[in-house]
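Read in order, the letters of the sequence shown are residues 14 to 194 in my numbering.
One should not assume that every hint holds.
Unchecked claim - Quick list of in silico lysine-lysine cross-link-like pairs, DSS-like style, CA-CA up to 27 Å:
1. K85 x K99
2. K24 x K160
3. K160 x K67
4. K114 x K99
5. K89 x K106
6. K154 x K112
7. K114 x K67
8. K67 x K89
9. K89 x K99
10. K120 x K131
11. K114 x K154
12. K106 x K67
13. K62 x K154
14. K85 x K131
15. K24 x K89
16. K160 x K131
17. K131 x K106
18. K24 x K85
19. K114 x K62
20. K67 x K112
21. K120 x K67
22. K120 x K154
23. K131 x K114
24. K89 x K120
25. K131 x K154
What the hints assert, rightly or not - Per label pair, the in silico range of CB-to-CB distance:
26. D53 x Q129: 44 to 52 Å
27. F65 x S139: 34 to 42 Å
28. V121 x V27: 30 to 38 Å
29. K67 x D20: 34 to 42 Å
30. V121 x L79: 38 to 46 Å
31. P34 x V121: 28 to 36 Å
Treat the hints as calculated values from the structure; they're not laboratory data. Since the model is a prediction, treat every value here as computed from it, not as a measurement. Glycine included, C-beta positions come from ideal geometry on N, C-alpha and C.
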Amino acid sequence: MAWLYQDGVFKFTVYIPNNYPHSDCPCLVFDIPVFHQLVDPTLGEVDVKRAFAKWRQNHNHIWQVLLMYARKVFYKIDTASPRNLKAAVLFEKDVQLFKSKVIDSVKVCTPRLFDQPKIEDPYAISFSPWNPSVYDEAREKMLTQKKSEEQHSKSVHVAGPLWIKPGSVQPLSKEEKTVAT
14 MAWLYQDGVF KFTVYIPNNY PHSDCPCLVF DIPVFHQLVD PTLGEVDVKR AFAKWRQNHN
74 HIWQVLLMYA RKVFYKIDTA SPRNLKAAVL FEKDVQLFKS KVIDSVKVCT PRLFDQPKIE
134 DPYAISFSPW NPSVYDEARE KMLTQKKSEE QHSKSVHVAG PLWIKPGSVQ PLSKEEKTVA
194 T
């Protein structure tokens, strides 16, 4: 069912508690509520506590909320303890109507990409339509640099960050080799 959401562009805000990381987990709220069983249909808030019931400051990170959990909820449909009961019931009892509601949700959210952020935040990421006179030069520089890096990497083996075990996303997961003296 993940493919139902694949064409969607969903703007969201991550609310980080003032005493982060010595706090509860951050909140992830969609600007326009997405039709999904784990998204509150009125507030647009994703049920982040499902994955991070107890936020552990030295173990959990904001990137895990964004890059792992927020993506995962669209790929793995879980109807247990839903935030949006209607979405969960439709998924289990009327998949066609569920699909229709998701497609409608995507159609509503995607055109709102260029709307200004809902909160006043100097660090908020905002999007604007592609303007060739502004972006083409920077794009060309990035592509040129990428080509030269690709040519260089053909002769150099890169195994990824030294502090992450291959196949893991867990920071500091690679065991250090100690040398006996």
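Hints, one by one, checked against the model:
Between K85 and K99 the CA atoms are separated by roughly 20 Å; this keeps the pair inside 27 Å, and the hint holds. This hinted pair does not check out: K24 and K160 have alpha carbons roughly 32 Å apart, beyond 27 Å. The hinted pair formed by K160 and K67 fails the criterion: a straight-line CA distance of about 44 Å is larger than 27 Å. For the suggested pair K114 and K99, the alpha carbons sit about 10 Å apart, so the restraint of at most 27 Å is met.
Simply put, K89 and K106 have alpha-carbon atoms about 17 Å apart, close enough for the 27 Å limit, and the pair holds. Straight-line distance between C-alpha atoms of K154 and K112 comes to about 41 Å, which puts the hinted pair past the 27 Å bound. At roughly 32 Å between alpha-carbon atoms, K114 and K67 are farther apart than 27 Å, so this suggested pair is violated. Our distance criterion of 27 Å between C-alpha atoms is met by K67 and K89, whose separation comes to about 22 Å.
Restraint check for K89 and K99: satisfied, since their Cα atoms lie roughly 17 Å apart, inside the 27 Å limit. A C-alpha spacing of about 19 Å is found between K120 and K131, which places the hinted pair at or below 27 Å, so the restraint holds. Under the criterion of a C-alpha separation no larger than 27 Å, the hint pairing K114 with K154 is inconsistent with the structure, at around 42 Å. Distance hint between K106 and K67 is unfulfilled; the C-alpha atoms sit about 33 Å from each other, more than 27 Å.
Distance hint between K62 and K154 is unfulfilled; the C-alpha atoms sit about 42 Å from each other, more than 27 Å. Under the criterion of a C-alpha separation no larger than 27 Å, the hint pairing K85 with K131 is consistent with the structure, at around 25 Å. Taken as a hint, the K24 and K89 pair is honoured in the structure, with Cα atoms around 20 Å apart against an allowance of 27 Å. Restraint check: the Cα-Cα separation between K160 and K131 comes to about 38 Å, which exceeds 27 Å; the hinted pair is violated.
Distance restraint check for K131 and K106: the Cα-Cα separation of roughly 35 Å exceeds the 27 Å cut-off, and the hinted pair is therefore not satisfied. In summary, the hint linking K24 to K85 is supported, as the alpha carbons are separated by about 16 Å, within the 27 Å threshold. For a cut-off of 27 Å, the pair hint linking K114 to K62 stands: about 25 Å separates their Cα positions. A C-alpha spacing of about 33 Å is found between K67 and K112, which places the hinted pair above 27 Å, so the restraint is violated.
Simply put, K120 and K67 have alpha-carbon atoms about 35 Å apart, too far for the 27 Å limit, and the pair is violated. Pair hint K120 plus K154 does not hold up; C-alpha atoms about 34 Å apart against a cutoff of 27 Å. Under the criterion of a C-alpha separation no larger than 27 Å, the hint pairing K131 with K114 is consistent with the structure, at around 24 Å. Straight-line distance between C-alpha atoms of K89 and K120 comes to about 21 Å, which keeps the hinted pair within the 27 Å bound.
As the CA atoms of K131 and K154 are separated by approximately 33 Å, the hinted pair breaks the 27 Å bound. Between D53 and Q129 the beta carbons are some 22 Å apart, a value that contradicts the proposed interval 44 to 52 Å. In this structure the hint that F65 and S139 lie 34 to 42 Å apart at CB is violated, the actual value being about 27 Å. A hinted range of 30 to 38 Å is violated for the C-beta pair V121 and V27, which are about 21 Å apart.
Evaluation of the 34 to 42 Å hint for K67 and D20 yields a pass: the beta carbon distance comes to about 35 Å. Hint check: V121 to L79, Cβ distance near 22 Å, so the stated range 38 to 46 Å is violated. Checking the proposed 28 to 36 Å range against P34 and V121 shows it holds: the Cβ atoms sit about 34 Å from each other.
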